[in-house]
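Chemist: Sequence:
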Amino acid sequence: MCKGLTSLPSSCLEKAKEMRVKLSHLAETHHKPKVQDRKEAFQDLESLLNSKSGLQLFRGFLRSEFSEENLEFWLACEDYRVAPLNLQQNKASSIYSQFVNTNAPQEVNLDAETREALLSLMESPCADMFNNAQQIIYNLMAKDSFPRFLRSSQCVEAIKAF
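Just so we're aligned: 9 in numbering that gives the first Met the number 0 is position 10 of the sequence shown, and the numbers increase by one with no gaps anywhere.
Think of the hints as simulated: they come from the structure by calculation, not from any bench. Cβ coordinates follow ideal geometry from the N, Cα and C atoms, glycine included. There may be inaccurate statements among the hints.
Below are the EDC-like pairs computed for lysine to aspartate or glutamate, each with C-alpha atoms no more than 16 Å apart in a straight line [what the hints assert, rightly or not]:
#: 1; residue 1: Lys159; residue 2: Glu122
#: 2; residue 1: Lys90; residue 2: Asp110
#: 3; residue 1: Lys142; residue 2: Asp127
#: 4; residue 1: Lys142; residue 2: Asp43
#: 5; residue 1: Lys142; residue 2: Glu67
#: 6; residue 1: Lys142; residue 2: Glu77
#: 7; residue 1: Lys90; residue 2: Glu122
#: 8; residue 1: Lys51; residue 2: Glu39
#: 9; residue 1: Lys90; residue 2: Asp127
#: 10; residue 1: Lys51; residue 2: Glu71
#: 11; residue 1: Lys159; residue 2: Glu39
#: 12; residue 1: Lys90; residue 2: Glu67
Between beta-carbon pairs, the in silico distance windows are [unchecked claim]:
#: 13; residue 1: Gln42; residue 2: Asn102; range: 34 to 40 Å
#: 14; residue 1: Gln55; residue 2: Pro146; range: 15 to 21 Å
#: 15; residue 1: Glu39; residue 2: Leu86; range: 28 to 34 Å
#: 16; residue 1: Lys142; residue 2: Gln105; range: 15 to 21 Å
Take these sequences, add in the hints, and give me the full structure.
Modeler: Here it is, written out as structure tokens:
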């Protein structure tokens, strides 16, 4: 776990441990092979995010709705997780100022507790510091953006083209 977590209340630490278990699929997702069949990319959000063409189409859809901040945050977290240690401080600061800070240019919808937990970790970032926030945003996309995308004309046309 990250340095500095000992200063958090034990209830937060317990929640963090629970989230780590729930988020284990994210680590697995990162190492899964890319989706080969384009039609498979539209089966679920995880497959879509692992498909280059599906990801591009989803990004275009979100851009057309002026709501691409969730996807951009999720991708930034993926990039951060695999970044070398010497780059983590700068990347963490960039993600925080771009997406997490209140009134950020691409502010994502995170609860105050999650924002505060991230702020407390900014001085000593670690590879998994954004996991909880990333999962929250993933769930938002899975429940909101992804179903809208599946109903969109862009998606329907793309599926027909395959």
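Chemist: If you check each hint against the structure, which ones fail?
Modeler: 1, 2, 3, 6, 12
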